[in-house]
Amino acid sequence: MEEWRFAIQIAAFSGRGDPTPIAETEKPLPAAVKDNRDKLLERAMSRHQYSGDALIEVLHTAQELYGFLSPERLKTIARKLRLPPSRVLGVASFYHFFSLEPKGEHTMVVCLGTACYVAGALGLVEVLQRRCGAGSKVSVQTARCIGSCGLAPAVIADGKILARVTKASLGAELDRIG
Amino acid sequence: MSVKTLEIDGKMLTGVAGETIFSVAWNKGIRIPRLCHIGGISDVGACRLCLVEIEGQKKLQASCLTPVEEGMVVHTDTPKLRAHRRLIVELLFAERNHICSVCVMNGDCELQELATELGIDHVRVRYQFPSLPVDLTHERFGLDHNRCILCTRCIRVCDEVEGAHTWDMLGRGTNSRVISDLGEPWGASDSCTSCGKCVQVCPTGALFAKGKAVGEMRKDRTFLKYIVTAREKKQWIE
Amino acid sequence: MTIEELNQTQADETARQQALDERIYCCTAAGCISCGAEGLRNAITEQVKSQGRLDKVEVCGTGCMGMCSRGPLVMAASGTALYGNVTPSDAPALASGNPLDRRPLADRQIDLNAPFFTQQVRIVLANSGRVDPEKLTDYIAAGGYQSLARALTELKPPEVIEEVKTSGLRGRGGAGYPTGLKWELVSKQISPTKYIVCNADEGDPGAFMDRSVLEGDPHRVLEGMAIAGYAVGAQQGYIYVRGEYGLAIQRLQTAIKQAEREHLLGSRILESGFGFRIDLRIGAGAFVCGEETALIASIEGKRGQPRQRPPYPPESGLWNQPTLINNVETFANIPPIIEKGGAWFASIGTPSSKGTKVFALAGKIANTGLIEVPMGTALRTILFDIGGGIPEGKFKAAQTGGPSGGCIPEQFLDTPVDYESLARIGSIMGSGGLIVMDNASCMVDVARFFMEFCMDESCGKCIPCRAGTVQMHDILRRMTLGDASEDDLAMLEELSGLLRETSLCGLGQTAPNPVMSTLRYFRQEYEAHIRERRCPAGHCRIEAGVPA
Chain A
1 MEEWRFAIQI AAFSGRGDPT PIAETEKPLP AAVKDNRDKL LERAMSRHQY
51 SGDALIEVLH TAQELYGFLS PERLKTIARK LRLPPSRVLG VASFYHFFSL
101 EPKGEHTMVV CLGTACYVAG ALGLVEVLQR RCGAGSKVSV QTARCIGSCG
151 LAPAVIADGK ILARVTKASL GAELDRIG
Chain B
1 MSVKTLEIDG KMLTGVAGET IFSVAWNKGI RIPRLCHIGG ISDVGACRLC
51 LVEIEGQKKL QASCLTPVEE GMVVHTDTPK LRAHRRLIVE LLFAERNHIC
101 SVCVMNGDCE LQELATELGI DHVRVRYQFP SLPVDLTHER FGLDHNRCIL
151 CTRCIRVCDE VEGAHTWDML GRGTNSRVIS DLGEPWGASD SCTSCGKCVQ
201 VCPTGALFAK GKAVGEMRKD RTFLKYIVTA REKKQWIE
Chain C
1 MTIEELNQTQ ADETARQQAL DERIYCCTAA GCISCGAEGL RNAITEQVKS
51 QGRLDKVEVC GTGCMGMCSR GPLVMAASGT ALYGNVTPSD APALASGNPL
101 DRRPLADRQI DLNAPFFTQQ VRIVLANSGR VDPEKLTDYI AAGGYQSLAR
151 ALTELKPPEV IEEVKTSGLR GRGGAGYPTG LKWELVSKQI SPTKYIVCNA
201 DEGDPGAFMD RSVLEGDPHR VLEGMAIAGY AVGAQQGYIY VRGEYGLAIQ
251 RLQTAIKQAE REHLLGSRIL ESGFGFRIDL RIGAGAFVCG EETALIASIE
301 GKRGQPRQRP PYPPESGLWN QPTLINNVET FANIPPIIEK GGAWFASIGT
351 PSSKGTKVFA LAGKIANTGL IEVPMGTALR TILFDIGGGI PEGKFKAAQT
401 GGPSGGCIPE QFLDTPVDYE SLARIGSIMG SGGLIVMDNA SCMVDVARFF
451 MEFCMDESCG KCIPCRAGTV QMHDILRRMT LGDASEDDLA MLEELSGLLR
501 ETSLCGLGQT APNPVMSTLR YFRQEYEAHI RERRCPAGHC RIEAGVPA
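Chains as they are written, first to last, in the working numbering: chain A, 1 to 178; chain B, 1 to 238; chain C, 1 to 548.
Just to be clear, a hint being listed does not mean it is correct.
[Claimed, not checked] To be clear about the criterion: a stretch of chain A counts as covered by chain C if any three or more of its residues have a C-beta under 8 Å from a C-beta of chain C, and this derived list gives those stretches:
1) 33 to 47
2) 113 to 124
3) 129 to 141
4) 148 to 156
Hints listed in this document are in silico derivations from the structure and should not be mistaken for laboratory results. All C-beta atoms in this analysis are idealised placements derived from N, C-alpha and C, irrespective of residue type, glycine included.
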């Protein structure tokens with residue numbers, strides 16, 4: 001059980017920030033996990049004795065399992081942890097890690113840390129915003145320093161880090177994933 | 001209970017240990033400005049209007065959260081504090097859409113009162129003009145986000161006094177917004193008891209009882225016609 | 001594990017390592033991994049296997065070796081030959097061990113006698129690049145957990161605190177509060193429950209020191225926390241680590257599990273009466289949680305909003321219990337202080353700032369990467385000797401302290417880097433991000449960049465920070481577009497004063513720092529944007545004609 005728990009944890013982190021463990025390990029959730037998501041969330045809550053203090057841990061788990069936090073999911077969590085629903089939404093919306101809407105098929109995270117900014121990352125965001133508007137398969141996000149300042153400007157495309165990105169190479173990557 | 005003697009604005013005052021500078025000052029008629037504080041619920045020190053200067057301390061302190069100490073020398077109304085307060089209130093006016101002339105609270109608004117006190121006749125920073133909704137789904141009350149100053153009094157009173165915790169804050173920074181339950185319309189809230197405490201503590205017109213708004217004023221001028229006609233035709237009720 | 005067993009493990013592992021022909025270290029820190037270090041390490045291991053030298057050569061993954069700009073890095077010959085930009089096709093040469101085979105790599109060999117290495121003093125990073133962060137025995141062989149053993153057996157808690165006080169160590173998170181005093185404050189509180197919190201919510205853009213320490217040497221941080229727990233009387237510790245740091249989280253989880261299995265954490269550590277547990281708390285993307293009261297709220301499962309201090313966390317912190325909060329680098333300094341003594345540590349650095357400081361070099365500098373220098377080293381030494389200078393263009397400013405810091409212009413390059421000197425020239429030490437800008441960088445735009453960061457990260461609790469950052473950002477944005485007046489500049493300065501003096505927490509109080517320091521040293525750039533609608537650096541796209 002430890003093993004796949006670990007795998008989904010990595011998968012969940014892959015979209016944001018960390019470029020590291022992802023390239024090789026990011027796989028769709030195993031069927032065994034997908035079918036048992038409700039049970040797994042329940043288990044995570046019981047591990048914390050349904051304590052309200054564990055709200056952020058539980059939200060992390062829910063997002064790992066379902067990809068985003070739907071109102072129904074938040075309602076369930078609020079009931080189980082005996083927290084007011086408004087507090088659960090308040091916490092979930094405070095932290096940028098939690099997504100309240102489903103993500104696109106692909107994600108592009110542009111690092112806007114100082115080193116990347118100085119190297120022209122803003123131009124990359126413009127390209128992405130122009131090409132990936134509403135209805136696009138690609139979710140565009142920005143991150144505050146992914147710690148790969150030596151590779152500036154950096155973009156994480158579906159968990160894989162692209163180093164020293166130019167507008168042209170970014171365009172090519174977008175063409176590739178369609 | 002030990003008694004602490006201190007000086008506020010040149011007056012020698014006494015307070016009980018644990019009492020805040022704010023409460024000692026107000027009890028003696030020294031009105032320190034405030035927007036997030038209201039007696040009866042916990043303090044958060046968020047509006048920064050009640051900041052005071054304490055001699056010997058480099059930083060300004062929120063008087064609503066600072067307990068009195070023996071020998072303290074406090075100044076509540078210095079030119080520096082007035083300048084800061086003025087700018088804070090200007091920031092509030094520019095942050096959302098505060099139009100006193102069409103507001104239900106015109107004349108009884110704590111924000112308006114403060115602006116008058118501080119002599120604010122214009123705002124020097126740019127208005128943000130955010131586009132914000134008004135929630136009129138509740139049977140008796142309304143919530144106008146345009147007038148909300150995010151003081152969180154409603155959230156605290158609902159949680160601490162009513163015990164319902166209907167309200168909380170969504171998002172963060174300048175995008176913060178007061179929400180009921182899971183961001184649903186107020187009228188659809190399961191937890192709201194319609195007690196109206198939040199409406200009473202709201203310092204501005206953000207939370208209001210329905211029927212009091214300017215736009216809700218309707219005068220019935222048709223009555224005159226009936227009376228005049230009745231007189232002319234002598235249609236008396238016998 | 002008992003102390004005897006700890007010593008035995010250390011002796012056995014050291015002997016095993018010495019019996020090998022060679023240890024090949026592959027840097028597997030985040031920077032190198034993103035250049036393909038994992039594949040490279042596997043390729044070298046495969047080659048060693050196919051050449052039948054598995055019993056003679058050990059291939060290990062290690063923490064950051066420092067020169068991130070030359071990644072992926074491989075240190076061969078048991079730490080005497082460093083190669084940069086290595087590719088999997090170099091694996092056979094590296095695996096063979098024959099110096100002749102390694103000749104094609106000669107032009108990519110990095111001189112270990114270069115100033116980059118000789119000017120550094122590595123205390124916190126002593127094991128980074130030499131120890132496999134996923135192997136407990138490696139850490140023990142390098143003398144790991146001996147300080148904890150020494151503290152538990154030879155020192156009473158007040159003696160541990162005394163040692164830390166003697167060392168003169170100050171908080172490495174930025175503010176520089178004396179660590180020993182903080183420990184003493186917590187130890188004096190009378191409470192059955194106390195907590196230790198390690199602040200690993202490193203959020204400054206351009207800073208990756210804590211990440212590298214956690215990835216490269218996680219056990220060092222655990223050991224430092226356990227010693228702190230013993231000293232102040234806490235039984236539970238939390239590490240609050242940024243959610244973005246997946247690899248650091250993974251390595252910390254591994255390290256905690258290993259340490260618990262060997263009774264180096266948990267109940268009855270090293271068969272003594274002292275017990276200490278460490279749990280991870282994963283941040284969820286809020287910079288403000290680096291502020292200690294916000295961090296506490298976040299661990300308690302709430303919105304990460306700061307609260308008024310006092311009471312300070314040493315009196316009333318996590319769940320209203322006395323809580324000691326220190327930064328990753330601070331805890332990483334503890335084991336060597338206990339091992340070699342506070343006096344030894346105090347002999348390094350300057351009279352007011354002792355020891356060393358880790359910096360992350362980024363921006364327009366030749367050697368981007370991670371370095372550690374004694375406190376008081378001149379900025380010029382760091383940037384030009386160690387950092388290798390500016391690749392093209394001319395030095396304009398160095399930014400320290402991230403969004404809470406300031407920009408240091410050329411005339412202060414000889415300033416020694418310590419807490420007081422940096423504060424005197426309008427910047428702060430901060431957590432250690434050091435970003436170099438050349439003359440193509442516009443200082444108004446840099447100020448705008450940091451203000452946008454603060455605006456996005458403001459929690460929204462207090463008005464000056466919530467609404468003030470928005471207004472300041474608006475003015476700076478309009479300046480970069482050539483749409484600002486002298487009045488705007490005056491308002492910018494007035495808002496700076498307001499935020500500094502009235503904001504509730506450090507985020508708001510220091511948010512104007514980048515603006516104020518650039519105004520102080522580069523005022524003419526602001527004036528050029530306003531009066532002449534011209535960007536001297538040629539960065540801002542100001543359109544000709546009447547402002548919009």
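*asked:* Hints numbered earlier in the text: which of these fail when held up against the supplied structure?
replied: Violated: hints 1, 3.
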